[in-house]
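Undergrad: One letter stands for each residue in the lines below.
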Amino acid sequence: GAVVSQHPSRVICKSGTSVKIECRSLDFQATTMFWYRQFPKQSLMLMATSNEGSKATYEQGVEKDKFLINHASLTLSTLTVTSAHPEDSSFYICSASTLGNQPQHFGDGTRLSIL
Amino acid sequence: AQKITQTQPGMFVQEKEAVTLDCTYDTSDQSYGLFWYKQPSSGEMIFLIYQGSYDEQNATEGRYSLNFQKARKSANLVISASQLGDSAMYFCAMNPPGGYNKLIFGAGTRLAVHP
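Just so you know, the sequences run in chain order F and C. In case it helps, the working numbering puts the first sequence at residues 1 to 115. In case it helps, the working numbering puts the second sequence at residues 1 to 115.
Don't take every hint at face value.
As the list claims (entries may be wrong) - Covered stretches of chain F, going by a simulated chain C footprint (3 or more residues, C-beta under 8 Å):
id, region
1, 33-44
2, 88-96
3, 102-112
Treat the hints as calculated values from the structure; they're not laboratory data. We put the beta carbon where it would ideally sit given N, CA and C, even for glycine.
In isolation and in its complexed conformation, chain F is listed as follows (with noise of 0.2 Å):
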């Protein structure tokens, strides 16, 4: 089946770091990629679509300048976190699938945590 690696799996760093996580479709070619939010006991939120070559369409409320998503080939997004503080820690999964509708296929997610 379709694989997804999202690395890394668990990040804890200091606050006002940037943090950058990657998201790889390893044997299919994704169109779109997602990027959900999963606070604890929550279930997930998505902040934003990326498609490959163009800008990435971000949900309401999240800030674009603080989650800044790159989508440069058919089989790589990334999410980077800027200048992260306490409040961004979270648990960030991304999903990949193609056109129609076919399943997303996650990534295992990583696990962020801002001392």
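Got chain F sorted already, so can you dock chain C onto it with the hints?
TA: Only chain C this time, still in chain F's reference frame:
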């Protein structure tokens, strides 16, 4: 706007028994997709089953089946012959039309399988 409702925050079932996890949705669109994902404590999202709004038959995938009642706007997940490894969070999600396979998730149901 589309919305997914999962009214059962937690469910438990005896091993080898069947369990139904409820999901209702709200949309004015005629074309949409419905998905169920499983999230173990490790965090990854595992795709279980998909139902298209125009599919006449209920979807089945191994021990998983989707009880799709379009008029009631419900898409309940039935897990037969529960196993201890089925203990996890289960999310119902909808993919409205309009491209990009954007997913809207419900709040989730935590399932505990007891031996």
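Undergrad: Each hint should be assessed against the structure and marked as holding or not.
TA: Verification of the hints:
no.	hint	result
1	33-44	holds (count 4)
2	88-96	holds (count 3)
3	102-112	holds (count 9)
Consistency note: the structure conflicts with none of the earlier hints.
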